[in-house]
Amino acid sequence: AQKITQTQPGMFVQEKEAVTLDCTYDTSDQSYGLFWYKQPSSGEMIFLIYQGSYDEQNATEGRYSLNFQKARKSTNLVISASQLGDSAMYFCAMRGSGGYNKLIFGAGTRLAVHP
Amino acid sequence: ETGVTQTPRHLVMGMTNKKSLKCEQHLGHNAMYWYKQSAKKPLELMFVYSLEERVENNSVPSRFSPECPNSSHLFLHLHTLQPEDSALYLCASSQESLIAYEQYFGPGTRLTVT
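Quick mapping for you: the protein sequence lines, in order, are chains G and R. Residue 38 is where the first sequence starts when you use this note's numbering, and the numbers rise one by one after that. Residue 281 is where the second sequence starts when you use this note's numbering, and the numbers rise one by one after that.
In short, the hints are calculated from the structure, not lab data. Among the hints, a few may not be true.
Here are the simulated lysine to aspartate or glutamate pairs, DMTMM-like style, with alpha carbons at most 25 Å apart [stated by the list, open to error]: (1) R/K321 x G/D123; (2) R/K321 x G/E54; (3) R/K316 x G/D59; (4) R/K316 x G/D63; (5) G/K40 x R/E382; (6) G/K40 x R/D365; (7) G/K110 x R/E324; (8) R/K316 x R/E382; (9) G/K110 x R/E347; (10) R/K320 x G/D63; (11) G/K139 x R/E324; (12) G/K139 x R/E376; (13) R/K302 x R/D365; (14) R/K320 x R/D365; (15) G/K110 x G/D92; (16) R/K316 x G/E81; (17) R/K320 x G/D66; (18) G/K107 x R/E336; (19) G/K107 x G/D59; (20) G/K139 x R/E333; (21) G/K40 x R/E336; (22) R/K316 x R/E336; (23) G/K139 x R/E382; (24) G/K107 x G/D66; (25) G/K139 x R/E336; (26) G/K40 x R/E376; (27) R/K299 x G/E81; (28) G/K53 x G/E98; (29) R/K316 x R/E332; (30) G/K107 x R/E382; (31) G/K110 x G/E52; (32) G/K139 x R/E332; (33) R/K316 x R/E347; (34) G/K139 x R/E304; (35) G/K40 x R/E324.
Use the sequences and the hints to build the structure in full.
Shown next as structure tokens:
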């Protein structure tokens with residue numbers, strides 16, 4: 038069975054500093070995709086960044102980057118230069134088995150950015 | 281309208297009521313999803329529609345009934361709900377492919393069952 042684990046229920050960081058949110062996954066598939074989403078208090082899930090299992094380089098999107106360690110089955114999200122607007126829930130997700138984009142989500146990490 | 285929209289944003293209903301949640305995507309995608317997000321639980325996939333056909337029903341009780349009349353619209357019909365069905369219901373869409381594409385989510389409907 039596929040599973041996503043986020044072990045940090047809550048994190049806080051000082052504004053302008055970097056923070057790493059952890060995510061480990063379990064799958065027997067050779068080909069899979071890993072996603073990170075942000076959910077502000079408004080409720081909408083906002084796509085942040087994607088890493089494919091065959092991508093050799095770590096994905097980056099602006100201030101977001103992934104530390105993808107395939108052998109360890111981990112894909113940690115790094116947010117650089119934190120901003121107050123980064124305060125939200127962050128979810129790691131994996132595309133599950135099957136011919137369609139079924140996503141399996143972790144429990145999430147609540148990030149608080151302090152001024 | 282752009283992206284994925286959901287109506288209503290908030291809904292309070294009694295256990296004997298019948299209501300429907302509506303989702304519309306303006307992205308030209310061919311797959312749509314319903315998720316349930318309860319407090320202190322991971323996001324749960326409820327239903328998947330691909331090319332307007334239901335391809336997954338994740339053991340959801342029959343009091344939830346989805347409908348996908350076309351690739352842009354998705355409904356979730358609700359009847360005789362229980363208080364534990366109170367949650368945020370999120371709709372998403374994506375382009376189905378062998379390549380993993382991100383799903384785009386709507387703002388959700390906050391449902392309270394009294």
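Cross-check of the supplied hints:
1. R/K321 x G/D123: holds, 22 Å
2. R/K321 x G/E54: violated, 29 Å
3. R/K316 x G/D59: Holds, because 23 Å separates the two Cα atoms, which is no more than 25 Å.
4. R/K316 x G/D63: holds, 22 Å
5. G/K40 x R/E382: holds, 18 Å
6. G/K40 x R/D365: Since the Cα atoms of G/K40 and R/D365 sit roughly 24 Å apart, the hinted pair holds (cutoff 25 Å).
7. G/K110 x R/E324: Roughly 22 Å between the alpha carbons, so the hint for G/K110 and R/E324 holds.
8. R/K316 x R/E382: holds, 18 Å
9. G/K110 x R/E347: violated, 37 Å
10. R/K320 x G/D63: holds, 21 Å
11. G/K139 x R/E324: holds, 11 Å
12. G/K139 x R/E376: Measuring from Cα to Cα gives roughly 10 Å; hence the hint holds.
13. R/K302 x R/D365: holds, 17 Å
14. R/K320 x R/D365: holds, 14 Å
15. G/K110 x G/D92: holds, 14 Å
16. R/K316 x G/E81: The given pair, whose Cα atoms are some 13 Å apart, holds under the 25 Å limit.
17. R/K320 x G/D66: Roughly 28 Å separates the two Cα atoms, so the pair is violated.
18. G/K107 x R/E336: violated, 29 Å
19. G/K107 x G/D59: holds, 14 Å
20. G/K139 x R/E333: holds, 15 Å
21. G/K40 x R/E336: Since the Cα atoms of G/K40 and R/E336 sit roughly 18 Å apart, the hinted pair holds (cutoff 25 Å).
22. R/K316 x R/E336: With Cα atoms ~14 Å apart, R/K316 and R/E336 stay inside 25 Å; holds.
23. G/K139 x R/E382: Given pair G/K139, R/E382 holds - Cα atoms ~10 Å apart, limit 25 Å.
24. G/K107 x G/D66: At roughly 12 Å apart (the allowed maximum being 25 Å), G/D66 and G/K107 satisfy the hint.
25. G/K139 x R/E336: holds, 9 Å
26. G/K40 x R/E376: holds, 21 Å
27. R/K299 x G/E81: holds, 22 Å
28. G/K53 x G/E98: holds, 17 Å
29. R/K316 x R/E332: holds, 20 Å
30. G/K107 x R/E382: holds, 20 Å
31. G/K110 x G/E52: violated, 29 Å
32. G/K139 x R/E332: Holds, because 15 Å separates the two Cα atoms, which is no more than 25 Å.
33. R/K316 x R/E347: With Cα atoms ~16 Å apart, R/K316 and R/E347 stay inside 25 Å; holds.
34. G/K139 x R/E304: Holds: G/K139 and R/E304 sit about 19 Å apart, inside 25 Å.
35. G/K40 x R/E324: Status holds; Cα separation ~13 Å.
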